[in-house]
Amino acid sequence: MSTPFGQNFLIDKNITRKIVKSADINPSDTIVEIGPGKGILTEEIAKSARKIIAIEIDNLLFENLTEKFKSNQNIKIIKKDFLKWTPPKIKKMKFIANLPYCVSTSIIEKVLHLDNWDTAIFMVQKEVANRIRADVCSEDYSSLSILCKVYCKIKKLFDVTNKCFFPVPKVTSTVIGFNRLIKPLVEKKNEKIFFKVVRASFRHRRKTILNSLFIELDIKKDILREKLLLSGINPCYRAENISIDEFIKLSNVI
318 MSTPFGQNFL IDKNITRKIV KSADINPSDT IVEIGPGKGI LTEEIAKSAR
368 KIIAIEIDNL LFENLTEKFK SNQNIKIIKK DFLKWTPPKI KKMKFIANLP
418 YCVSTSIIEK VLHLDNWDTA IFMVQKEVAN RIRADVCSED YSSLSILCKV
468 YCKIKKLFDV TNKCFFPVPK VTSTVIGFNR LIKPLVEKKN EKIFFKVVRA
518 SFRHRRKTIL NSLFIELDIK KDILREKLLL SGINPCYRAE NISIDEFIKL
568 SNVI
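Numbering (this note's numbering), first residue to last: 318 to 571.
Hints listed in this document are in silico derivations from the structure and should not be mistaken for laboratory results. All of these numbers come straight from a predicted model, not from anything done at the bench. Heads up, the beta-carbon is just placed ideally off N, CA and C, and yes, glycines get one too. You may find that some hints are simply not true.
Derived PhoX-like pairs (lysine-lysine); straight-line CA-CA distance at most 25 Å [stated by the list, open to error]:
id, residue 1, residue 2
1, Lys409, Lys396
2, Lys355, Lys368
3, Lys368, Lys401
4, Lys500, Lys408
5, Lys487, Lys401
Label-pair distances were calculated between CB atoms; the ranges are [to be verified]:
id, residue 1, residue 2, range
6, Ile536, Glu444, 29 to 37 Å
7, Lys505, Lys473, 24 to 32 Å
8, Glu508, Asp452, 38 to 46 Å
9, Ile532, Lys401, 30 to 38 Å
10, Cys454, Leu546, 37 to 45 Å
11, Lys385, Lys335, 18 to 26 Å
12, Ile407, Lys538, 18 to 26 Å
Work out the full structure: start from the sequences and follow the hints.
Set out below in structure tokens:
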């Protein structure tokens with residue numbers, strides 16, 4: 318069986334129960350499910366949540382979901398690409414999803430930049446989960462690691478074997494929890510320059526931070542060296558050696 322958007326459908330109900338339990342859903346909660354697929358996770362969420370907004374991009378799956386849940390008043394199925402979806406103006410949401418491998422990073426980045434949510438439980442490819450959780454000086458440390466930790470407290474919940482899906486993928490998945498920080502590590506007014514510096518630094522991760530920034534930013538090398546030293550950063554370091562706090566200091570003087 319092939320799927321046009323590369324979905325691997327979760328088929329193990331024990332895993333759906335564990336995912337929903339991890340979300341700590343209250344009877345008043347609104348849950349946004351991204352890519353409900355065949356609705357196995359949707360069914361479990363519906364037992365606890367006040368309302369589910371399930372966003373499905375695939376035409377056939379959307380039609381099947383609409384038919385399957387036509388009598389469920391608390392489930393709203395929307396045919397839309399989540400990356401183009403505008404969230405409703407409600408006070409707080411929770412996100413739950415078995416994310417398609419090919420767009421998981423883009424979806425996570427969109428969610429992190431939204432304000433009106435407090436918890437997200439995402440199942441992703443294990444390698445992506447490792448990047449999300451990676452600490453400074455590890456080989457998996459990346460701009461994604463920094464983005465996630467600026468906004469959230471991250472926790473690995475459990476791994477899921479490939480036998481729990483159909484079609485069976487070649488990789489292991491990991492369920493990971495995001496609890497949004499009340500106050501992000503970077504102020505709203507400084508976000509644009511902060512993430513510009515971080516992405517520029519990791520775009521050439523085998524080069525020194527000085528050379529990476531020189532390639533990507535319109536700043537003279539001598540000035541960049543001065544800014545790095547002012548921020549307590551060795552210009553010969555690579556991006557993977559630089560902590561979030563150091564990136565914050567650097568973006569404040571760039």
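Hints versus structure:
no., hint, in the structure
1, Lys409 / Lys396, "holds (22 Å)"
2, Lys355 / Lys368, "holds (18 Å)"
3, Lys368 / Lys401, "holds (21 Å)"
4, Lys500 / Lys408, "holds (16 Å)"
5, Lys487 / Lys401, "violated (29 Å)"
6, Ile536 / Glu444: 29 to 37 Å, "holds (33 Å)"
7, Lys505 / Lys473: 24 to 32 Å, "holds (28 Å)"
8, Glu508 / Asp452: 38 to 46 Å, "violated (22 Å)"
9, Ile532 / Lys401: 30 to 38 Å, "holds (32 Å)"
10, Cys454 / Leu546: 37 to 45 Å, "violated (20 Å)"
11, Lys385 / Lys335: 18 to 26 Å, "holds (22 Å)"
12, Ile407 / Lys538: 18 to 26 Å, "violated (48 Å)"
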